[in-house]
Amino acid sequence: MNFIGLLWALDRTTKTREKHALLVEFLTTGDAQEVAYGCTHLLGQQSVTGQRRLLRETAVSHLGDETLFEAAYAAVGDLAETLSLLINDPEAVLDRTTPVIDDWLSDIAAIQSAPSPPEALRHRLSQGPAFANWVFLKLWTGGWRLGVSQGLITNALATVTGQPQSVIAERLMEAGSPDRSWLSRMKTPVSADERQRSAVPFCLAHGWRPELADTSSPDEFIIEYKWDGIRCQLIRAQGVTRLWSRGDQEITAQFPDVVEASQHLPDHCLLDGELLVMDSGRPAPFQSLQTRLNRRRVSRNLLNSHPVEFRAYDLLRLAGNDYRETPLHARRALLFTLPVAHSETLALTSWEAVDAARAMAATVGAEGLMLKSRDSLYHSGRKQGVWWKWKRDPMTADVVLLYAQAGHGRRARLHTDYTFGVRTDNGEWITVAKAYSGLTDTELKHIDRWIRQHTIASFGPVRQVTPTLVFEIAFEGIARSTRHKSGIALRFPRILRQRLDLSIDDADGLSQFETLLDDSQ
Amino acid sequence: MVTKNSADRDPLVVVTREGLYCPKADAYIDPWRPVETALITHAHADHARPGSRQYHCLASGAGLLTERVRPDSLSTHDAHEPITMGALTVSWVPAGHVLGSAQIRLSDGEQVWVVTGDYKRTADPSCDPFEPIQCDVLITEATFALPIYRWPSMDQVMDDLCQWWDHALLKNRQPVLYCYALGKAQRIMAELALRTTREVCIHPTIAQLLPAYLDQGIPLCPWHVLTSGQKAPPGTLILAPPGAQGGRLITQFRALDEAMASGWMQIRGVRRRRALTQGFVLSDHADWDGLLQTIKDSGASRVLATHGETRVLTDYLNRMGVEAARLSTSFGQDEDTA
Ligand SMILES: [Zn+2]
Ligand SMILES: [Zn+2]
Numbered sequence: 003m004n005f006i007g008l009l010w011a012l013d014r015t016t017k018t019r020e021k022h023a024l025l026v027e028f029l030t031t032g033d034a035q036e037v038a039y040g041c042t043h044l045l046g047q048q049s050v051t052g053q054r055r056l057l058r059e060t061a062v063s064h065l066g067d068e069t070l071f072e073a074a075y076a077a078v079g080d081l082a083e084t085l086s087l088l089i090n091d092p093e094a095v096l097d098r099t100t101p102v103i104d105d106w107l108s109d110i111a112a113i114q115s116a117p118s119p120p121e122a123l124r125h126r127l128s129q130g131p132a133f134a135n136w137v138f139l140k141l142w143t144g145g146w147r148l149g150v151s152q153g154l155i156t157n158a159l160a161t162v163t164g165q166p167q168s169v170i171a172e173r174l175m176e177a178g179s180p181d182r183s184w185l186s187r188m189k190t191p192v193s194a195d196e197r198q199r200s201a202v203p204f205c206l207a208h209g210w211r212p213e214l215a216d217t218s219s220p221d222e223f224i225i226e227y228k229w230d231g232i233r234c235q236l237i238r239a240q241g242v243t244r245l246w247s248r249g250d251q252e253i254t255a256q257f258p259d260v261v262e263a264s265q266h267l268p269d270h271c272l273l274d275g276e277l278l279v280m281d282s283g284r285p286a287p288f289q290s291l292q293t294r295l296n297r298r299r300v301s302r303n304l305l306n307s308h309p310v311e312f313r314a315y316d317l318l319r320l321a322g323n324d325y326r327e328t329p330l331h332a333r334r335a336l337l338f339t340l341p342v343a344h345s346e347t348l349a350l351t352s353w354e355a356v357d358a359a360r361a362m363a364a365t366v367g368a369e370g371l372m373l374k375s376r377d378s379l380y381h382s383g384r385k386q387g388v389w390w391k392w393k394r395d396p397m398t399a400d401v402v403l404l405y406a407q408a409g410h411g412r413r414a415r416l417h418t419d420y421t422f423g424v425r426t427d428n429g430e431w432i433t434v435a436k437a438y439s440g441l442t443d444t445e446l447k448h449i450d451r452w453i454r455q456h457t458i459a460s461f462g463p464v465r466q467v468t469p470t471l472v473f474e475i476a477f478e479g480i481a482r483s484t485r486h487k488s489g490i491a492l493r494f495p496r497i498l499r500q501r502l503d504l505s506i507d508d509a510d511g512l513s514q515f516e517t518l519l520d521d522s523q
Numbered sequence: 010m011v012t013k014n015s016a017d018r019d020p021l022v023v024v025t026r027e028g029l030y031c032p033k034a035d036a037y038i039d040p041w042r043p044v045e046t047a048l049i050t051h052a053h054a055d056h057a058r059p060g061s062r063q064y065h066c067l068a069s070g071a072g073l074l075t076e077r078v079r080p081d082s083l084s085t086h087d088a089h090e091p092i093t094m095g096a097l098t099v100s101w102v103p104a105g106h107v108l109g110s111a112q113i114r115l116s117d118g119e120q121v122w123v124v125t126g127d128y129k130r131t132a133d134p135s136c137d138p139f140e141p142i143q144c145d146v147l148i149t150e151a152t153f154a155l156p157i158y159r160w161p162s163m164d165q166v167m168d169d170l171c172q173w174w175d176h177a178l179l180k181n182r183q184p185v186l187y188c189y190a191l192g193k194a195q196r197i198m199a200e201l202a203l204r205t206t207r208e209v210c211i212h213p214t215i216a217q218l219l220p221a222y223l224d225q226g227i228p229l230c231p232w233h234v235l236t237s238g239q240k241a242p243p244g245t246l247i248l249a250p251p252g253a254q255g256g257r258l259i260t261q262f263r264a265l266d267e268a269m270a271s272g273w274m275q276i277r278g279v280r281r282r283r284a285l286t287q288g289f290v291l292s293d294h295a296d297w298d299g300l301l302q303t304i305k306d307s308g309a310s311r312v313l314a315t316h317g318e319t320r321v322l323t324d325y326l327n328r329m330g331v332e333a334a335r336l337s338t339s340f341g342q343d344e345d346t347a
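Just so you know, the protein sequences line up as chains Z and U, in that order.
The numbering of the first sequence is our numbering, which starts it at 3 and goes up by one.
The numbering of the second sequence is our numbering, which starts it at 10 and goes up by one.
Calculated directly from the structure, the hints in this document are not laboratory data.
Here the structure is a predicted model, which is why all the values come from computation and not from measurement.
For each residue, glycine too, the CB sits at the ideal point set by N, CA and C.
Errors might be hidden in some of the hints.
As the list claims (entries may be wrong) - Computed from the model, here is a short list of chain U residues facing chain Z with C-beta under 10 Å:
{"no.": "1", "residue": "161"}
{"no.": "2", "residue": "173"}
{"no.": "3", "residue": "234"}
{"no.": "4", "residue": "278"}
{"no.": "5", "residue": "284"}
Claimed, not checked - Where chain Z lies over chain U, by a calculated footprint (3+ residues, C-beta under 8 Å):
{"no.": "6", "stretch": "269-277"}
{"no.": "7", "stretch": "316-329"}
This is chain U alone, in the form it adopts within the complex (with noise of 0.2 Å):
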């Protein structure tokens, strides 16, 4: 283990106006400009950008990155593999958070600072689980950095999910569930997979990403997709991006059931703020026990904090004698923030 002051005097990874740049590999992680190598966590937009040369990832997310950002150069890893890059030591380690996704891990020998990128330590079978890493400094996302966000079990949100979805049938009302396009949808198609038989209707941004799914053999609910002019099948649930309501393609069915799948669902006041009848309680970031679990497992002696609640989050870690600072990046600032 090493000090702070060596970790502040040789630090492994600076933010500069480009992103979270490594000066020992010459090289930036999941930069939010063009630059020449991009090591990428994975493929929501604020962590995965177009423009950059050379671009790394885990093999895994490879299909996703592709289909989003369609790299000229892409070079792909498998979990754990050592890559050497200038003076460091790069692998990409799963994190949980949706198909692909991985933590970076980088040692120059002396010290170990690990990027966490968006992660979730809750079960999903669309992707490979989160796997705690020790390291001197930990990089953690903070999107849900507060007590009151503890995830309910899986079981329970899809019981309810289909309760929901059972009760606006029976009303003759078409349900649809907003929830973001890539990954959350997927997650809850493979949850669907897992335990029913039931068939959901999907919107075309939807249907867009599942061939990366089904090259790496996720399981999958049977889907439809969702098109102009012509009615969902009998029985389906509509999944749709939340940019999606209010939208012609959702619109065009007179009487909906409106309800959203994510962690900002905790609260009821945002909730109906949004005029949903329904929230299900469904993340794919780290709950506040599973934030403080990843600080507890890392062993690291600092923490810096990115995306959302990074003030709380540090600030309570300075309280109990664990030294945090709040790193300013541009993540959780677009598509991914549930």
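The shape of chain Z in the complex, shown without the other chains (with noise of 0.2 Å):
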């Protein structure tokens, strides 16, 4: 497979398990050249900046009319594309299997050496397939819109190369010129600083069941409010501080005041915990962390007006060890010599002294609380039996966005009636809950923009979507239900709000609401 084979494929395929395997074939059969350069070029991480005037020249000298150019880029609305459908041959045969990088490359040196780069481009193009030419011109200009996510990427890579995540993610960015070493360093061991920088994959929690009172005392529990914000690993190494999200995100850039907060950390940690807002020494809503979120540039005035906390509640690493084999009473005894701000435990001694807790967690901007074993290890993803996390609400969930509809009256002219879904066992989606808008009217407009420019089908009034955006929702209670294709029924479902810091492989699966049957029954 080739670099054309593979965007041909990705091209003909929205389901995220057949990119994954169209990816994985692409980086085990592809060239070592092709595999790197294409692979950064998905990424973002290069084109042929400055170019798109060349492109724009060559189809207006081939039309010999820009008005007629711009009506044709208009209907097609991509640039590489436009021109891929202007000049082409017809006739030619499109190469799937043999490798083309090189060979383009030097295309591309010989074309913008040329004496008249239009001409030499567009004899170029007039020799390949349209296919093969949207390729060739996509790598000028970037931006491809197939649905390709860095997570997708470096999730392709780490299975390849069998190595974790994070250490993929971070190779990425520090990969270096995308030559034919590229794959074999994404592959080689993990090195010990590498190690050190890394994150570890989080471990979750598990709705709180009520009957679990009957048969535990909540001494066997570090109890701890549950903060409403966004879920950390910080990593200090070789004096660097990293920031990864769930998700295998690093979002180091978004927070400098974190970072700059971190600087007396001792070398080599890594503490779990949550960036928070604070106003006036207390958390503030999740709203107000939003407006931190998906930043390129963070103002010295949005610093000051919503200044970020890292709270941390648990130690994983520490001097080159790790810890998370070491019971969570004695990672906490050792996070506490830090100097960094952490979620106090709660002394609570009676189960309605629990109960009262968390009745009253919205009066210090935390959102339940977290009940984890005392001698709990430091486990990857949603173990049974080790974490709770019991919401002041009564049940939410993390669901994502399937189908929308417009509304009615003020509203009949955005999209405000939601269907969301959660993914099964085998990964299909399926819906869980239709909820009305607990959003603000700039939210609702520009989810309806997102609705309108990702909608996929549309069955009369109903628009299908791509799953992407993911929103909490709460419900008063679950039930069992036939009717229902996915077997539940939820009481009263409404929107909290949208998750912006979570992707649809953080929201809940539908094994999450069964779990939650079980409990109400």
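Using the supplied hints, reconstruct the complex from the two chains, each of which is provided in its own coordinate frame.
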């Protein structure tokens, strides 16, 4: 499979699992140079920048008419694609196996140094099939719009190399030039330094089951508030701080204030905690944290108005030692020796006191309680019977927007009625709830625009969208249902907020609803 | 040849509330309201509407027109056969769009006007090929009048189609190809008959139109008709009109691989918006080069455009020094815009 073959197949599927399989196939069967250049290009790390003008000039001179070009461009909406359709050889056969990148890179160099680059580019395109031309021209402009995220590539590389995702993610940042040794650099065993710098899979909690109170006592748990921020691992290694959120996203650049505050931490430590916007010493609601997310540059004003604190609740590495196999109470004892804000242990000796604390959580800016077995190890993923979350809302879940429909009255022109879904164990999407919005008008407008741009099918007034956006919904109860394909029915589901910090891989699965179901019966 | 002035002063076709009217013959071409005399280019719903008293069409198109419109009174004409209507001589000339599709040539002895209806210049085993006609005024369609629309060769499209079909079967999925029920479906069946021994399973809407093709002796690949509660025979491709997507006949199959055959599939964004895994660029309309070639072949001193990207085409022709204007019609709004 060559790079054209990869893109050709990626362009013909919308399923994440198929995309993963295609990337793995490309990584295993592709030419080393092709793999290196192709992957870094898909990651947006390469492109022949500043060449949009050349593409435009080539198209206009080919048509001999600028207005005609503008009309064509407007119909297609993408410069590289427009040019690939304007100039190609309709009879040329698409070769999806022979490596192309080496030749293409020299073609690009030749075109750029030709006496008339537009003429040279035009000649080059007139010999290729339209799809190959599209790929060739995308090398100049970037912006593939194929639904291939950094996470997807990281994942495929992790599968192929057998290395942890966070190590791959970091190596991608610092991979250097995409030459023939690029993939083998990805494959090298994790070095001691890398191990010190890398994040570890997060330990996740299950929803608390009330009947657990019958068979256990509060002092078996370390109980703390459940903070309503962004889960984050803070790593301090070789004098550098790195922040990783769930889904192997490095978010260091977005939080210079947190990096600054971490300077006094000892080298070689890894803490697990929560990023919170602080407002007069108290965590502010999640919405104010959202104003800090996904910004290219963080202004001084924003740093002052929305200061972020890292509040640690666990310690996983210190001075080169891995403490994940050490009981939680011992890990926390170590944590409390470090100069870092931490999440206090609540001294609660009866279930009545626990219940009361949960009910009062909102007053300290928390969304409930965490109950963690005192002796629990730091497991990767969601292990049963170790960590529990007990939110102040009866039940909540992180679900994914699948369908949207226009609202009524004042909001008739916006898509405000959402249908949410989750994935089954087989990775299939299944709808679990319909909810009307609890969102602000600004948020609604924003999401409406997104919905229009990401509609993959329309059924009358209903739009099906690419599963991407995660929302936290709350509901009063859950019951088995034969009327719903999911097998469950939620009582009074409503939207709490959009979770910009979560990707669909962080959303709950159907199995988690089934756990709730068992709990409530 | 006449001057621009005489075409202006003495037009052979004008647009009225009812449709394209020929004053000198007191007849309408593809009227969109019921009239006394309707001259029909082809049976697509935006061109052939019920309710008129007397219909005229090309003989090979009578079957489809009868199936679609059920006219009380229909006169059929051979290609090129001159018919006198009032002060005009009218003839039907093959347009290569679908079975029985024609351009209509009008002459009053001084000027020649041609109404192309819908047409394409690429080969199609399910109908007679387009024939260029010299004229003074050409009324052409402009559905795909943008230079990005240049149709790939049929060999390539059919190779891609068969590859996708096999791949779907390999993955244990039922391939479904959406295509217009009148023309496109039968063209694909005729192309398959030329190249392979493959069989298709067709939506009832398509099946309904097959007798008209069989009457004209068009060779089609073997077919089965899709029925509710029954699996498509193993190995077959389902052909269905686009409106059937999401409908019961299609959704009864669990794992689907859905594709569409249409000129619009040229643009990736269009295909992806319809949630299709694959799009085949296959159109029964003229592409950009086909439109320009036809205008050139006609030698017309004036071009009027209907359907689709009329403004792009007429503006471009004007800049190139060819007199051109848009005609506002109701064509291209119903079924056949692919
Ligand atoms: Zn038509
Ligand atoms: Zn039409």
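Each hint tested on the structure:
1. At its closest, the beta carbon of residue 161/U sits 5 Å from a beta carbon of chain Z; the interface hint therefore holds under the 10 Å criterion.
2. For residue 173/U, the interface hint holds, since its Cβ comes within 10 Å of a Cβ in chain Z; the closest pair sits about 8 Å apart.
3. Interface restraint check for residue 234/U: the shortest CB-CB distance to chain Z comes to about 25 Å, outside 10 Å, so the restraint is violated.
4. At a threshold of 10 Å, the smallest CB-CB gap from residue 278/U to chain Z is about 6 Å, leaving the interface hint in force.
5. The beta carbon of residue 284/U comes within 4 Å of a beta carbon in chain Z, closer than 10 Å, and the hint placing it at the interface holds.
6. By the rule of at least three residues with a Cβ nearer than 8 Å to a Cβ of chain Z, the coverage given for the stretch 269-277 of chain U holds, with 3 such residues.
7. Residue count for the stretch 316-329 of chain U with a Cβ under 8 Å from a Cβ of chain Z: 5. That meets the three needed, and the coverage hint holds.
Checked against the numbered hints given earlier, the structure breaks only hint 3 and satisfies all the rest.
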